[in-house]
Amino acid sequence: MTIHGLLSIIAGLLLAPLLQGIVNRTKAVFAGRRGAPLLQQYRDIARLLRKGAVFSGTTTWIFRLAPSITLACVLVALVVLAPAPVEQGWGFAGDALLLAYALGLARFLTVAAALDTGSSFEGMGASREVFYSALAEPALLVGIAVLARVSGGTSLASILQGAGVAGWVSAGTALALVGVSFFVVLLAENSRVPFDDPNTHLELTMVHEVMVLDSSGPDFALVTYGASLKLWVFSVLFASLAVSPLGLSGFALLGALTAAVLFTGVIVGTVESTMARSSLARAPLLLAGACALSILAFILASRFLS
Amino acid sequence: MIPALLALSILTFAASAPVLAMLRRNPRAASRLGPATAVAGCIPGIVAAILTLAGAGPASATASWSVPSGGLSIGMDALSALFAIPVLIVSALAAIYSRGYLRHAESEGRSTAPFWAWYDLLAGGMLLVTVARNALLFLLGWEVMALASFLLVMFDAHDPRVRRAGWIYLVATHIGTACILGLFAILGHAGSLEFDRLALPAAFPAGIAFVLAFVGFGTKAGFVPLHVWLPEAHPAAPSGVSAVMSGVMIKTGIYGLLRFLMILGTPPAWWGWVLLAAGVTSGVVGVLSALAQHDLKRLLAYHSVENIGIIAIGLGLGLLGISLGIPAMAFLGFAGGLLHVVNHAVFKSLLFMGAGSVLERTGTRDIDHLGGLSKRMPATSLCFMTGSMAICGLPPFNGFLSELLIYLAAFAGLSATAARVPAGSTAGLLATGGLALIGGLALACFTKAFGTVFLGEPRTPHAAGAREVDASMRTPMIILAAACLCIGLAGPAAAPVIGPVVDSVLAGFGCTVSTGTAHDALGALSAASVASAAILLLAASVFAARSAILRNRRTSTAPTWGCGFASPAPSMQYTASSFADPIVGLFGAIVRRRRRFEEPAGLFPASTEFSTDTPDVYQEKLYKPVFSAFERAFSGFRVIQHGRLNLYVLYIAAALFALLLWKL
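Protein chains in written order, with our numbering: chain A, 1 to 306; chain B, 1001 to 1664.
Read the hints as simulated data drawn from the structure, not as lab findings. Quick caveat: nothing in here was measured; it's all calculated off a predicted structure. Beta carbons: idealized from backbone N, C-alpha and C, even for Gly.
Label pairs and their in silico Cβ distance ranges: (1) B/S1526 to A/I10: 24 to 30 Å; (2) B/H1462 to A/L49: 39 to 45 Å; (3) A/T173 to B/E1620: 40 to 46 Å; (4) A/I10 to B/G1057: 51 to 57 Å; (5) B/R1594 to A/S279: 22 to 28 Å; (6) B/I1590 to A/A276: 29 to 35 Å; (7) B/C1486 to A/R43: 41 to 47 Å; (8) A/R47 to B/E1620: 54 to 60 Å; (9) B/C1486 to A/R47: 39 to 45 Å; (10) B/F1565 to A/T173: 49 to 55 Å.
Just so you have them, the derived chain B footprint on chain A, three or more residues with Cβ under 8 Å: (11) 50-61; (12) 73-86; (13) 92-102; (14) 132-141; (15) 146-156.
Over 12 Å on every C-beta distance to chain B, these chain A residues come out as not near it, computed from the model: (16) L6; (17) L15; (18) A36; (19) V165; (20) F251; (21) G255.
Start from the sequences and build out the full structure, keeping to the hints where you can.
Put into C-alpha cells, the structure is as follows:
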C-alpha cells in the first residue's frame, strides 16, 4: 500500500467526527445561530468513553456485542473504499459487494440490538431502517454497475479510477445521474433529512436515533463514531465521483478528495436546512426515484458506449 | 470402489426401510434403529462423494436388469458429488435431530416406526436421483423420493390442514413427474434410457424438451409460479423433514435441470433468459411473500423459493454466458449457483431445525406469539441468528461467498469489453438489481423473524415457559451453524472444490473456459474470506477494548426506556406484522395482505379484533380457478369410480387385455 492509500484511511478515521461537525455548523449558519463547535463530536465521544453504562434488563449479549461488531464492519468498509480512488490496484474483483454487505451486517446487528430492548419505539425505528435500506440497496448497486459498465473494471479501485476524464467525456450524463443517485442513498443510509431528522426529539418520528435510545456510555460512543464513519464512507463514494473529472493524481487527488468529502457535509447541511423531512409514505418514492435514475444512467451508458 | 460404496449406501436405506416398518409394535427399537440406519446409510455415500471431489474422477458401474431400456447403472461425477454431499450430510443430521424432535409424539403413544421407514426411503431416493445413470432408475428414485416425502408430510395427518397440504404436494409433484416422463420419452426415442445414450431425435425442436425439463424439474425446485406446494407442504411436515425437504430435496430439481440441459446440447440464449427471469421473479416474489407471513415455518418455506431464485439467477447467467460467448460470466454464474446450492442446504436446514425447536418448546409457529427466547433457549437462538445472517448473504458467513460469485458473473456480463455484448450487460443489470433488492428485503425479513421470536420480552405464557432443547436437537444445529462460518472463512479452499465441478458442467455444455480469467475471479473468494476474518478480529478487539473500559466503571440495570410511559407491557412491543407492514404495503401489487378489523364501537367498546393473513396470490388467482374448472370438467368420470372392488379388477383385466391385443 502506498502512502496515499494509508493517508486516505487515516483521514477517514480522524476526520469522520469533523464531518458531522461541518453538517451541524452549516445548519447553524442557515438558522442564524452560532452553533456547536466544529469539534463537538470528538468531545461527545470522549465524554461517553469516560462514562459507565446502563443496560436495560430486557437485553441480552446481543445488545452488548452489537456496537462493537457494527463498528468493525464500518471500519472494514472504510478500508475497502477509502484507498480505492487514490491507490492503483487496491481491492479485489467485487469488493463493492463487500462494502455493501459489510454495511448490511452492521445494519443487521444494529436492528437486532434495537429489537433486543423490546421497546416499541425502537422496533418502529428498526422497521423503517430496514425498509429504507432495502430500497437504497438496488440504487447503490445498480449505480456501481453503471460505473463498472463505463470503466470496464470490477474492483472499486478500477471502477472509481476508470471513470476519469475519458469516462466523463463519453458518458458524462450517466455519471452525473449516478452521482445524484449516490447522494440520495447517502441521505437514506445515514438517516438524514428528508428520510429522517437527526434533530428530532420525538421518538415516534426518528429512525436511526430511536434505534439507539437505550445505548449508553462506551457502547454509545462506538455507535456514534460508527455513524460518523458511515457518513464518511458514503461521502467518499459520492465525492470520488465528483472529483473524478478533474483528472488529478497523487497528493493533489487525495487533497481534493478530502476537501470534497468535507464539502459534502456542507451540501448535506444545506439540504437539511432547506428541506423538510418528508412523510413516511413519500420517502420510499424518493428512493425508488434514485433506483430509476441509476437504471436510466445504465441505459444512457449502454447507449453511448456501444 | 465408488459405485460399490454408493450401492452399499442405497442398499442400507432400502433394506432398513421394511425392517423399520415392521417395528410398529416396538416403538423404542424403532426410535433407536431409525436414526442409526439413516446415519449408517449416509456415511458410505458421503465417503464416495468426497473421494470423487478429491480427485478420484468420475466412476460408474452397470449391472444387468430384467427391465427393458438399459441396465442398472449408477455412477458419480463431480456434479453428482456436489449434490450428494449436502443431501447425505443434511439427511444424517436431520435424522439425529428428528430423534429428539419425535420424542414428543412418542410420549403421546404414537409409533415412529413408519416415520423412520419413510425417512430412510426419502434419503435413499434422493441419493438414487443424484447417482442414477439410467432414466428409468432416475425416475424410480424420483418417485420414491416424492412418495416418501408425501407420507412424511402426512405424519400429522389427524390435522385437516396437514392433509390438505399433503394433497396439494402430491398433485404438484406428479404434474412435474408427468413433464419429466414426457422429456424421457422424447430423449429415449432410440430405445435405450442410459444417460449416455439419451439424445434428441433429429430435427426435433429442442425448445419443447427445454420447456418440459423446466416445468418438470422447476416444480420440484419451486420456481414461481410453480412454487405453490412449497409454502403448504414444508410447514406441515415434522421439522426434521422440513429441513431435508427445503434444504436438499428441492435441489434435486436443480440437479435434474442441469443434468438434462447438458444432454439437450448447446443452449440458445432464450433458455438463459427464461432461467434468469424465473430466478429474479422467484427471488422477489419469494422474499416479499415471506415478509408478509407470521407463521415461522411458512416464512422459511417462502425463503426457499427466494433462494432457489438466487440459484436460478446464477444458472441463468451461466447459460447466457455460454450462448452469448462471455466465458467468465458462464463460469462465475455456474460457480455461484452451485455454491449457493450447498450453502442454502446448510443454512436452510439449520433454520428449519431452529424453527422446529421453537415449535417443540412453545407449541406455536406464530411469530407474534413468541419473543424473548434468546434468554430461554440460548443455543437455539445463537444458531438461528447465525443462519439468519448467512441466508441474508452477510459476511463472514457462507451465503456471502455464493452471492458474491453471482454478482461477479453479472459484472462480467456488464463489462464484457471484448465484444460489448449488449445482451450481456442487460442480463448483468437485471441480475444486479434483482439480487440487490432480494438481499435488502431478505435482511428485513430475517431481522423481523429473529428479532420478534428471540429478542425482547415473551409475548405469551408459552414463550415465557420455554426451555432449551436437548442435546440430540442442539448438536445438529451447532454443527450446521459452525459450517456456515467455516465455509464463509474457507474461500481459498472453496475455489479448488467448486472449480472442477463448474469445468465439468461447462464441458457438458460443450464450452471450455480458459483457466486464466475465470479462475482468477475465484481469487475474489479468498479476498472475501480474508475480509470476513478481518471483521471478526476487529470486532473481537473492539469488544475487548470496550469491555476493558467498562470493567472499572459502574454499570447498572434499568428497565427499557418507555418514553415516559410508566408501566410498559410485553404486549406493547412492536410485532412482526407491524415491522413488515411498510414494505408489504409498498409492494401491495405483488403480495395481497387481507385485513380483518372489527372497529371498536360505542362509548364502552366491549371487544375488538384485528388480524391479517396473506394467501398466496398465485394459488388464489391462478391455480384455484384452473383446478376448479378441471374438477367440473372431469366430474363425469365419477360414474366409473363407485367403490365396487370386483369391477375395479375388471378394469385392470380389460386394460391388460387391450394392451395384449395392441402388442399382438
